[in-house]
Amino acid sequence: MEVKELHAPGHRACPGCGCAIAVKIILRETGPNTIIVSPTGCLETFTSPIRSSSWEVPWIHSLFENAPAIATGVLAGLNSQGNPNGTKVVAIGGDGGTYDIGMGSLSGMFERKDDILYICYDNEAYMNTGIQGSSATPLGAGTTTTPVTGDSFGKMVEKKDMVAIALAHGVPYVATASIANLADLKKKVRKGMDNPGPAFILMLTPCNVGWGYEPEETVELARKAVETGLFPIVEFENGNMVSALKIRPVPVEEYLKPQKRYQHLFKNDKFEDVLKAIRKKAEDNIKKFGLA
Amino acid sequence: MKGKTAILEGSRAVAEAVRACRPDVISVYPITPQTHILEDLARFVSSGQLKSQFVRADSEFSAASIVYGASAAGARAYTASASQGLLLMNEVIYAMASTRLPVVLTAVNRAISAPITIQPDHQDTMSLRDTGALQIHVESLQEAYDAHVQSFRIAEDPEVLLPIFICMDGWVLSHSYEPVTVFPDEAISEFAGTFQPVQKLDPAKPLTYGSYADQDVLMEYRYALMLAQEKAREKIRSVTKEYKEVFGHFDGDLIDTHRTEDAEIILVAMGSMVSTIRAAVDELRAEGRKVGLVKVRTFRPFPEEEIIKACGKAPLIAVLDKSLSVNTGGILATEIKAAFYGNPVQPVIVPFMAGLGGKEVNRRVIKEIVDIACRAGDKQGPRGDTIWMGLDHGFFS
Amino acid sequence: MMDLLLGGVCKAGESKKLETGKWRSFRPVVDRNKCIKCGKCADYCPDSCMEIKEDGAEVNLYYCKGCLICIRECPVKAITKEVEEK
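Chains as they are written, first to last, in the numbering used here: chain A, 651 to 942; chain B, 90 to 486; chain C, 21 to 106.
Be a bit skeptical, because a hint or two may be false.
[Claimed, not checked] Using 16 angstroms as the maximum straight-line C-alpha spacing, the simulated EDC-like pairs for lysine to aspartate or glutamate come out as follows: (1) K60/C x E870/A; (2) K926/A x E904/A; (3) K36/C x E706/A; (4) K101/C x E864/A; (5) K654/A x E104/C; (6) K36/C x E652/A; (7) K448/B x D481/B; (8) K97/C x E78/C; (9) K654/A x E105/C; (10) K36/C x E655/A; (11) K926/A x E903/A; (12) K379/B x E353/B; (13) K294/B x E34/C; (14) K73/C x E922/A; (15) K333/B x D345/B; (16) K97/C x E870/A; (17) K931/A x D811/A; (18) K330/B x D345/B; (19) K101/C x E78/C; (20) K294/B x E903/A; (21) K31/C x D291/B; (22) K37/C x E706/A; (23) K60/C x D834/A; (24) K320/B x D246/B; (25) K837/A x E679/A; (26) K37/C x E655/A; (27) K896/A x D834/A; (28) K31/C x E706/A; (29) K37/C x E652/A; (30) K836/A x E885/A; (31) K654/A x E71/C.
Please keep in mind that the hints were generated in silico from the structure rather than gathered at the bench.
This is chain A alone, in the form it adopts within the complex (with noise of 0.2 angstroms):
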């Protein structure tokens, strides 16, 4: 059986990996004129071992900080050959490479409006080095270096706001999206491709050793993140929103007991608190953005 995508099989993600599920799809909006830029990461080891790489497109990876600085580059070199055939540049970087390491790289790329998509896939801790905190790591979540142990219930602080981030750089295509609804992710790449200027993407992408949950929970976990309010699905143009996903709210206890890294909150009422919080957080994404 032939297989004709763009990002090829016999790579080395995890079974169930939700990362592999949206770079598929991701290159099937943006076709072969397409360059990706990658930081280090799961992405980019499972996908880039000498002589089995499963790229069809161009792709380079350099480091874990410099990807969008990397994007940059490569659109200037197009850029000043003529670019005649209109090639694009996506990058596509995990948690770690984006909202952490790689954050003044990407703060630059988007203050200097350069004509990038960037897409975060977040699986909301450094997955690829053994599962370690990120500010992406919500609170609450435990990880080995947000451990669950006395009274540490995991995270201890809230995640950081990447689409405010994007947003406050005036970056004028900034959405979110989930591989539990893969229309709507194809439609919001092809809206950041085909945006002049920089572009955002946020995607939730679970990851069910770091999370610890069965593999084939993986696209319903995404949808459970959407459900209950905490991974709202909006977008904005211009700094307008412009779109949000109607939910009917579920509790956010359907999303994290699934969840070993949440499985703390659940045995021991001290943590009672941070449930709250947790509940709370996707109240107010509900209201906020009006989801329900």
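Put chains B and C on the given structure of chain A with help from the hints.
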């Protein structure tokens, strides 16, 4: 070819050369004392004198990454930095060399913190000596101009494909004014040619850049850098020779020498200090002292054979260093000593720390170095303690 | 190293020779009588193992790692799991 001679600032001489070589992409982040080059290039681009993509960067790390991406996309790319900026670029330069991206970088040499300083020395580029990038040190503004014109062809040669640093001392070269002969842009452009990449990021032929590798090929990729630097030796010789034929200037290829023929003591140094030594050597020769000079022009590739040949049968060599590997001494001296290992002629090699952190090295200091070297000649052990010129011993009491 | 290019650059799509199907503990089995050929299993498969043929979805066992997302997402429950015989 006849050029126009004008009094130019060093940074301007560099910018003139870079403009004429027509880089496709320029990305630079400001740092003293490199900023004048950046400002001149920004003005050339905005006024239409240079048709380059000029990208402001948010850090030196990003500037290096931007030219990295541009080079991978097949563009001729240029950047510049100094001191802390070069250290911040370190990780990028390693990957750039190993990915075989021939970016040209002007390194305006400046000391490293702490304490923070803007004084010139060679500690910054020395910290990047193992990256795989080529390093050429220049002694004058004319050489800064010439070396930049030569650099694109050396770096972009299909058998070389390595980043190249043109190293020039901060202030002494970047901010001083000297007569510089500048040639017509068209002539320089023709000499510099255009970048013809052997591979690039191209949807018509998709390739994977920056792949993950293991022990089966990692050492092989480092060894490939050794081979590429060997090829660079030949290329540097041929390009400097051709430059001489076309433009009439020759500043040395891998090294340059001055009055070494019958010398009994040879001074070895890099950068702007070399010009001072030239003058001191002439004065000492006039006094009847048999002194010679070897300028190490390319620190990478390191010109062992040329240095040994130039030193001939001289029994005494004094190496002047502007960088320090703490606990082992001057970095140039260490490499010179290694070069002489196993050589039939075994001169006494006396290492001097001269000019570290911007300490003054004038003709008087050079003559003092010659005197000390001559006295120390007999007593030096195999390791030879570094002699620190101008060190304030009172500081430690 | 004739198969390798300069600077750690390598050719596109060479992962296709890797048989990731060897990782599998469970295999998905499609009941073609139930399959409505909606293509959801193919879209959601992280390893591009599902092809929608005329008579229904077909699993590419060369690559299928056995994550079973296809079972979970099939709207008509046309896919079941079987223990992989080694």
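Okay, the hints, checked on the actual structure:
1. K60/C x E870/A: holds, 13 angstroms
2. K926/A x E904/A: holds, 14 angstroms
3. K36/C x E706/A: Holds, because 10 angstroms separates the two Cα atoms, which is no more than 16 angstroms.
4. K101/C x E864/A: holds, 14 angstroms
5. K654/A x E104/C: Since the Cα atoms of K654/A and E104/C sit roughly 26 angstroms apart, the hinted pair is violated (cutoff 16 angstroms).
6. K36/C x E652/A: holds, 10 angstroms
7. K448/B x D481/B: The hint holds at about 11 angstroms.
8. K97/C x E78/C: Cα-Cα ~15 angstroms, so holds.
9. K654/A x E105/C: With Cα atoms ~29 angstroms apart, K654/A and E105/C exceed 16 angstroms; violated.
10. K36/C x E655/A: holds, 11 angstroms
11. K926/A x E903/A: The given pair, whose Cα atoms are some 11 angstroms apart, holds under the 16 angstroms limit.
12. K379/B x E353/B: holds, 5 angstroms
13. K294/B x E34/C: Given that 16 angstroms is the threshold and the Cα spacing comes to 14 angstroms, the pair holds.
14. K73/C x E922/A: violated, 51 angstroms
15. K333/B x D345/B: holds, 14 angstroms
16. K97/C x E870/A: holds, 15 angstroms
17. K931/A x D811/A: holds, 12 angstroms
18. K330/B x D345/B: Answer holds: K330/B to D345/B is near 13 angstroms, not above 16 angstroms.
19. K101/C x E78/C: holds, 14 angstroms
20. K294/B x E903/A: violated, 49 angstroms
21. K31/C x D291/B: holds, 12 angstroms
22. K37/C x E706/A: Measuring from Cα to Cα gives roughly 14 angstroms; hence the hint holds.
23. K60/C x D834/A: holds, 14 angstroms
24. K320/B x D246/B: holds, 9 angstroms
25. K837/A x E679/A: Since the Cα atoms of K837/A and E679/A sit roughly 8 angstroms apart, the hinted pair holds (cutoff 16 angstroms).
26. K37/C x E655/A: holds, 15 angstroms
27. K896/A x D834/A: holds, 13 angstroms
28. K31/C x E706/A: holds, 9 angstroms
29. K37/C x E652/A: Cα-Cα ~11 angstroms, so holds.
30. K836/A x E885/A: holds, 13 angstroms
31. K654/A x E71/C: Holds. K654/A to E71/C sits at ~10 angstroms (cutoff 16 angstroms).
Against the hints set out earlier in the document, violations occur for numbers 5, 9, 14 and 20.
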